[in-house]
Amino acid sequence: MAKDPLAEAGLHFDDLNKLRVLDPEVSQKTTELKDECKDFVDKIGQFQKIVGGLIELVDELAKEAETEKLKAIGARNLLKSVAKQREAQQMQLQALISEKKMQLERYRIEHEALSKVEAEQNEFIDQFILQK
Amino acid sequence: MIGVLFNNGTHKELVSSVGWTTADELYSCSEDHQIFKWNLLTNESTLAVKLPDEIYPIDLHWFPKTVGGKKQGLAEIFVLTSTDGKFHLASKTGRIEKSVEAHRGAVMAGRWNYDGTALITAGEDGQIKIWSKSGMLRSTLAQQASPVYSVTWGPDSDRILYTSGKQLVIKPLQPSAKVLQWKAHDGVILKVDWNSVNDLILSGGEDCKYKVWDSYGRLLYSSSSHDYPITSVAWAPDGELFAVGSFNTLRLCDKTGWSYALEKPNTGSVFSMAWSADGTQLAGACGNGQVIFAHVVEQRWEWKSFEVTLTKRRTMQVRNVLNDAVDMVEFRDRVIKASLSHGHLVVTTSLQCYVYSTKNWNTPLIFDLKEGSVSLILQAERHFLLVDGAGVYVYSYEGRLVSTPKFPGMRTDILNTQTVSLSNDTIAIRDKTDEKVIFLFEALTGKALGDGKPLTHKMEVVEIALDQCGAGSDRKIALIDKNRDLYLTSVRRLSREEKTNKIGTMVHTMAWNDSANILCGIQDVQFTVWYYPNAVFVDRDLLPKTLFVKDASEFSRTPNILNYVGTQVTVRRADGSLVYSTVSPYPALLHEYTGSARWDDALRLCRFAKDQTLWACLAAMAMANRELTTAEVAYAAIGEVDKVQYINSIKDLPSKESSLAHMLLFSGHVQEAESTLLQAGLIYQAIQVHINLYNWDRALELAVKHKTHVDTVLAYRDKFLQDFSKKETNKRFLQYSEGVEVDWGKIQAKIEMELAKERERSAAVSVRSSVASRR
Chain A
1 MAKDPLAEAG LHFDDLNKLR VLDPEVSQKT TELKDECKDF VDKIGQFQKI VGGLIELVDE
61 LAKEAETEKL KAIGARNLLK SVAKQREAQQ MQLQALISEK KMQLERYRIE HEALSKVEAE
121 QNEFIDQFIL QK
Chain B
1 MIGVLFNNGT HKELVSSVGW TTADELYSCS EDHQIFKWNL LTNESTLAVK LPDEIYPIDL
61 HWFPKTVGGK KQGLAEIFVL TSTDGKFHLA SKTGRIEKSV EAHRGAVMAG RWNYDGTALI
121 TAGEDGQIKI WSKSGMLRST LAQQASPVYS VTWGPDSDRI LYTSGKQLVI KPLQPSAKVL
181 QWKAHDGVIL KVDWNSVNDL ILSGGEDCKY KVWDSYGRLL YSSSSHDYPI TSVAWAPDGE
241 LFAVGSFNTL RLCDKTGWSY ALEKPNTGSV FSMAWSADGT QLAGACGNGQ VIFAHVVEQR
301 WEWKSFEVTL TKRRTMQVRN VLNDAVDMVE FRDRVIKASL SHGHLVVTTS LQCYVYSTKN
361 WNTPLIFDLK EGSVSLILQA ERHFLLVDGA GVYVYSYEGR LVSTPKFPGM RTDILNTQTV
421 SLSNDTIAIR DKTDEKVIFL FEALTGKALG DGKPLTHKME VVEIALDQCG AGSDRKIALI
481 DKNRDLYLTS VRRLSREEKT NKIGTMVHTM AWNDSANILC GIQDVQFTVW YYPNAVFVDR
541 DLLPKTLFVK DASEFSRTPN ILNYVGTQVT VRRADGSLVY STVSPYPALL HEYTGSARWD
601 DALRLCRFAK DQTLWACLAA MAMANRELTT AEVAYAAIGE VDKVQYINSI KDLPSKESSL
661 AHMLLFSGHV QEAESTLLQA GLIYQAIQVH INLYNWDRAL ELAVKHKTHV DTVLAYRDKF
721 LQDFSKKETN KRFLQYSEGV EVDWGKIQAK IEMELAKERE RSAAVSVRSS VASRR
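Residue numbers (the UniProt record's numbering), protein chains in the order written: chain A, 1 to 132; chain B, 1 to 775.
By construction, these hints were calculated from the structure, which means they are not laboratory data.
Some hints could be false.
Distance condition first, Cα-Cα at most 25 Å in a straight line; then the derived DSS-like pairs of lysine-lysine [said to hold, decoys possible]: (1) Lys183/B / Lys166/B; (2) Lys101/A / Lys116/A; (3) Lys610/B / Lys116/A; (4) Lys69/A / Lys80/A; (5) Lys43/A / Lys29/A; (6) Lys731/B / Lys719/B; (7) Lys482/B / Lys171/B; (8) Lys264/B / Lys101/A; (9) Lys209/B / Lys101/A; (10) Lys183/B / Lys171/B; (11) Lys705/B / Lys757/B; (12) Lys178/B / Lys166/B; (13) Lys707/B / Lys750/B; (14) Lys432/B / Lys458/B; (15) Lys37/B / Lys12/B; (16) Lys436/B / Lys502/B; (17) Lys705/B / Lys719/B; (18) Lys705/B / Lys750/B; (19) Lys100/A / Lys209/B; (20) Lys133/B / Lys171/B; (21) Lys116/A / Lys550/B; (22) Lys436/B / Lys499/B; (23) Lys264/B / Lys84/A; (24) Lys731/B / Lys705/B; (25) Lys482/B / Lys502/B; (26) Lys100/A / Lys312/B; (27) Lys116/A / Lys304/B; (28) Lys499/B / Lys447/B; (29) Lys264/B / Lys100/A; (30) Lys264/B / Lys80/A.
The following block holds chain B by itself, in its conformation from the complex (with noise of 0.2 Å):
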């Protein structure tokens, strides 16, 4: 997985850091009163700065590249910190601008922060120190009897995580937050870093050991004791990768901790590494002088039986495990992000991108990009979706620029397959300054659905992901809150609010079926999945029955979906193997024929497999279609009498609204019922609704509105309170039966007069519409 490049000796003494400028280029500080400069192009390096003799360096960091996904011109600076107590700020050029007097004894760290408006310095004596852009004292933040060895930014550069001793600290800007301390090693801790992607941070030490944390302080992570202490640990920009430096070790590990390959180069210690921020290239200050570069190759893409491996940085190798041909993709430039799925490879180089299709590797489309660094490729079935430094861009597979989705305050940096989800017709981005927020937008136009206004959930979301297939106006989200439950909603809210129902629990980890709406989930300690989610909006009770559940004790602890593709699963467990697992094809097959309405087919499909969760996902399938024949059969299958009957009782209804407004009930839709049989002018239906329902409040107030059947009202208020031996409290219906009197008998005839009369109107309805289909 990693490949060390070259490394040079051309430092004198140990390197103490490094930093890159651009992709391929690379500033180096040694003990040895030098600054060098690597091109990594020509495979070059000059000497840029001889600083003083007295000045031994320690730290280096470029000032940030961009800001806020502005480019910025000035980012030419970079600041050193010394051993004599001091940072200077030094030009690309080489010429020292400024030198501040900052520490007693050395300065162990100093670090900008992400939009550039301050830096921090961490010195021997303890202290941890904020200035301004141009080196002007701003606040001690921090002091303590130890010497601080590292420090890093939070995510929003609006705290800091530093180390003191065994220990970590977080530290928020704000004096009046609270501070977060725990213990982290058994052994002094020497760095740390914090992604500000995935949020996570990572700490290694003299106890020998590299961990992953989150935000929160929480282990996530904790690797075996190496044979020498840990001495650097870095993230890569994007966050799925990170790089740990060791005594003649290099290793790369994935996110979640485990290693995806070892090196042992004869470097000595590696003090500190620096990712390119294409994140394809890692740099190393190494003990000896050398500066050691690496990259990563092997990376692997698979869908379907395609299986696709970067073997060099230019060149791929993909191959077609069903008749074992192979062949090679050759590249301009270095391959910085690809993805494989629905039948085509996307790659992006530095300055181009590559749209394969998986029917013809000889002829990519190419078009230039933008920017180069791209950071993430989002795929689905008509279209893609990248993401740089400056935007978000929808392509079609032709490569046509199909929509840029904007929102204020949009940091695309960020943004991971986590927090931004892509179908066919929409766009999904979790917000980052308000994480209960999720903007949508239409994928087509880049314009933000329906009125414009975000979704807000009432949690933190932490993942989000839409369906994949169906029509557009019944796009879903799912999404995964805080408390690590499962919600679905709609996307397109048709004016009336619609709810967002809760479907699961403790779900760790969650992803939708590419070619049908199937979504599957590990649900604390079992793998679920849910062949028709929507059965939560038509049929809330029914949605348990269309569940597939199965022990997933084979995924162990903490294992991650990767994707849903056909009938397959695959799962990334926490020690890094990949697992596969099964789903019956019959609820996709069963999801095709109901799409395509062919419901003869879906019931002779649900017979032949003669499984209740099947019937039941039919059930709640025609239901939501309206197709009353299927669903009685359905539920009579599953059991449910009571619903058959009143499905029964649905047929029998007169008039097509009626019968509309009951189903809308039978989902728990009692407000659309409603206003559904005042529109058609069903007045007494409409107060009859929430009477059986012992809705009283409401049927008196229709009623007294529309100045109809109020007597209704009050008689069978009157039974109710009979048949329960109660007393009228109500004071409406106090007030109200003062001046009317209950007669059963006209109660009846007028029932008798409304349906008469809806009965005709529908009856006059069908020979209308009978008539406009004759003609």
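Chain A on its own, in the form it takes in the complex (with noise of 0.2 Å):
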């Protein structure tokens, strides 16, 4: 087929037989490429809103893990406290028993006492009665 006089001069007609300056085909792919470079928009799009969701995500999660390591920390620490409260509770506890020891101490002196006061008394009744 010769060529066409008119797709020489740059006019094309259409399936509607409509004239036109830009070759049906191309303009088709055009068209199509067009459709595609949308589809492609799209997508990254949706894949940016996916990944923003994954950072925020991992965002919370660093946040939580943070809170939680500080919260750690400071169980350590309070640990390490009561260790320290226990030993300060101990000492009081110890100076507590130390004055209960005092006193018992002293009971025991006051017991022994009136225990040789007793033998003591007793021996009295025992020669009284011999001696009458």
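Both chains are given apart, each in its own frame, so use the hints to dock them into the complex.
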């Protein structure tokens, strides 16, 4: 087929026999490309959204991990201080115990003295009875 | 022993000091620039003063309430010291009346003296300054390179005690007087206190110890090392207890140092403490902004089978250990003082006095008190004595005011059991301004005894005690002086100058028995009982034989005899434990028999007990009562043959007067014997007494004075000189011997005549008396 002189002039007819400046084929391809591009942009957008969500999530996680970490440190310190508190408490109790021990010792001495008095009195009574 | 009442965090910063106004109202100052007022009755706290922001208060001290026993109207101001070098005088309403620039750096302490005439401040700059009541500088008393952390007045406000690093310094206000300074702690001393009743010093420091000193700087007690520095110490007003504050620690101790109780409140360091004037409540200023209140509970009194415990502030539990009966006794107000003895419990609250008989715990006798704060209760068998800020009162157990003894310059706030003694008929009070002087009063009238002159000893007296039994005319007082010598003397001195006899040395502590005049004491390392201390007036040589001596090692170092009831002596050891010791019951029985003149029973008792000490007591008792037959037997039992013989010779004497005189001679009272004879007109006998004693001068004097028997004296003198082949050197004898001729025959005849005369006279008297008795 000879070259379409119209085509050479840069004019074309489309399927609907309308006169076109652009080759319908090219036009069609362009349209296709345009559509594809649009698709692509959409998909990229979607991807970005997903990734954004992911990042947010990860950030949140990181934050949570941080607070947990702090909590753990706090708990560890608390544990340490509890040990110290215990020590202080122990010291206090120890002091109270030694106080009570001293009191006990005093009572022991008092008891001893009283027992001695009792023995002396019994001895006296025995003697008294014997002499009579 | 100590109950922590409540504590409350109203202050935002640490509380630096506290001070009581009444028994139920307290002021506290804090670094949050606030001064709070606490009412203990309603448990409320109100803001009293909001200080300017630049004032950080350190110390707070109320102007003394009572001055020399008199209540003062204008006691409504307090001194507040602060970190900016000033002190402020503020009123009760919170108005700052005056601010005075006092020191460079902080003013660490500000204290009024006891009569409120002077204020002392101690600064970080090492200076101590004295100010007038209105805040005018009087003088700078001391100056040193290191800060003064604490300062306090001596008991008479004539000396001060302050800290100088690790040292304590006592400085009299008089510039020429000697300063006493000693190293007291191994760390910086933070707080000191000086009690006016017992004159003891208390110190606490960064070496984590608290120590008790006497006013001469001798160490009486040193505590073991605590975990934290001692930040505060405070004497209770009556000087029986003190409190110690440290980090999270509150301790209550006896004046001898041992600890009654320990509390571990969660308060941080207790920086300052104050006792209420009645000595029942304690407030502490704490590091975490709390003010802690504590009160003394679980106090105990024991007498015979009764045991009284203060369980709550207003409740007492009475237990009879014989049948385990328990009675609860309730009071309307807080219990301030109590005493249990002689079958009665006497309790004083802030308004009233309750008297219970041990036979009946349900119906006490109640009467109102003039002034609330009773500081001392003493009991005797028939009545008891109350001491408050204004005076001394004797009440009967029926609640009747018997008497109110007084002497000029009496300060009742410093009286304690060592300086006051009560018996059924007599009260003895040692003077404070001159410690050698003891004032004696008739208990029933409150008047001074005898001619009103007080008893003056040659040394400062530290402890006095009246015996509790027998007739009032025989009342004796035992006293321990500064040298720790024990003396016994008669309270009612009948015209003649009676001697004060020493009966013991190195006596730390003593007590009379409640039912017989038996004295016990701890002499050096021996526990000694004077079964019959009066023996010293009758027959001095006999006294050592009437003692019961026992090793006192079981009482350890510096024990204190609490009481001697029945046959039981209760002793408090230095470590606080109670130790009991029994004394034989025979001497008390013997006292009872001889007291009621049952000499046969007394003799039987001595024969039964077979105890030399008891025989010696009986000998002395019989001699004291001029019961010659018993005395003869008793002296024979202890092998004192010479005395038996003398007693026999007394028995043979023709007249009553001369036997009385010879009994006085027996006890060594030559002068009384002489005057007895002279009064009876037995001049020759009086002269003979002196001749026998080789008391030549007096014999001659009597002979010359009465113009009789001069030759007798000269003859005996001559004989004496010949026996010892000496020459006459006495001028008077030389003078008289010139004119008198010595003729033994004549002298003998004269003596015979005198004796016959005496015999005749006594016969006549006895006839007359027998005639009189027949009528």
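Consistency of the hints with the structure:
1. The suggested pairing of Lys183/B with Lys166/B holds, with an alpha-carbon distance near 6 Å, which does not exceed 25 Å.
2. A C-alpha spacing of about 22 Å is found between Lys101/A and Lys116/A, which places the hinted pair at or below 25 Å, so the restraint holds.
3. A threshold of 25 Å between alpha carbons decides the hint, and for Lys610/B with Lys116/A the separation of about 24 Å falls inside it, so the pair holds.
4. The hinted pair formed by Lys69/A and Lys80/A meets the criterion: a straight-line CA distance of about 16 Å does not exceed 25 Å.
5. Taking the CA atoms of Lys43/A and Lys29/A, the gap is about 21 Å. The hint holds against a cut of 25 Å.
6. At roughly 17 Å between alpha-carbon atoms, Lys731/B and Lys719/B fall within 25 Å of each other, so this suggested pair holds.
7. Distance hint between Lys482/B and Lys171/B is fulfilled; the C-alpha atoms sit about 22 Å from each other, no more than 25 Å.
8. Restraint check: the Cα-Cα separation between Lys264/B and Lys101/A comes to about 16 Å, which is no more than 25 Å; the hinted pair holds.
9. Distance restraint check for Lys209/B and Lys101/A: the Cα-Cα separation of roughly 20 Å lies within the 25 Å cut-off, and the hinted pair is therefore satisfied.
10. Using a Cα cut-off of 25 Å, the hinted pair Lys183/B and Lys171/B holds, with the two alpha carbons roughly 15 Å apart.
11. Taking the CA atoms of Lys705/B and Lys757/B, the gap is about 21 Å. The hint holds against a cut of 25 Å.
12. For the hint pairing Lys178/B with Lys166/B, the CA-to-CA distance comes to about 20 Å; that is within 25 Å, so the pair holds.
13. Taking the CA atoms of Lys707/B and Lys750/B, the gap is about 14 Å. The hint holds against a cut of 25 Å.
14. As the CA atoms of Lys432/B and Lys458/B are separated by approximately 15 Å, the hinted pair is consistent with the 25 Å bound.
15. Simply put, Lys37/B and Lys12/B have alpha-carbon atoms about 15 Å apart, close enough for the 25 Å limit, and the pair holds.
16. With a CA separation close to 16 Å, the supplied pair Lys436/B and Lys502/B stays within the 25 Å bound.
17. Pair hint Lys705/B plus Lys719/B holds up; C-alpha atoms about 22 Å apart against a cutoff of 25 Å.
18. Restraint check: the Cα-Cα separation between Lys705/B and Lys750/B comes to about 18 Å, which is no more than 25 Å; the hinted pair holds.
19. Proposed proximity of Lys100/A and Lys209/B is supported: the alpha carbons are some 19 Å apart, at most 25 Å.
20. Proximity of Lys133/B to Lys171/B is assessed by CA-CA distance (about 21 Å); at most 25 Å being required, the pair is judged to hold.
21. Our distance criterion of 25 Å between C-alpha atoms is met by Lys116/A and Lys550/B, whose separation comes to about 14 Å.
22. Distance check on the hinted pair: Lys436/B and Lys499/B sit about 16 Å apart at the alpha-carbon level, within 25 Å; holds.
23. Simply put, Lys264/B and Lys84/A have alpha-carbon atoms about 17 Å apart, close enough for the 25 Å limit, and the pair holds.
24. At roughly 17 Å between alpha-carbon atoms, Lys731/B and Lys705/B fall within 25 Å of each other, so this suggested pair holds.
25. As the CA atoms of Lys482/B and Lys502/B are separated by approximately 13 Å, the hinted pair is consistent with the 25 Å bound.
26. Taken as a hint, the Lys100/A and Lys312/B pair is honoured in the structure, with Cα atoms around 21 Å apart against an allowance of 25 Å.
27. Restraint check for Lys116/A and Lys304/B: satisfied, since their Cα atoms lie roughly 18 Å apart, inside the 25 Å limit.
28. A threshold of 25 Å between alpha carbons decides the hint, and for Lys499/B with Lys447/B the separation of about 23 Å falls inside it, so the pair holds.
29. With a C-alpha separation of about 13 Å, the suggested pairing of Lys264/B with Lys100/A holds against the 25 Å cut-off.
30. Using a Cα cut-off of 25 Å, the hinted pair Lys264/B and Lys80/A holds, with the two alpha carbons roughly 23 Å apart.
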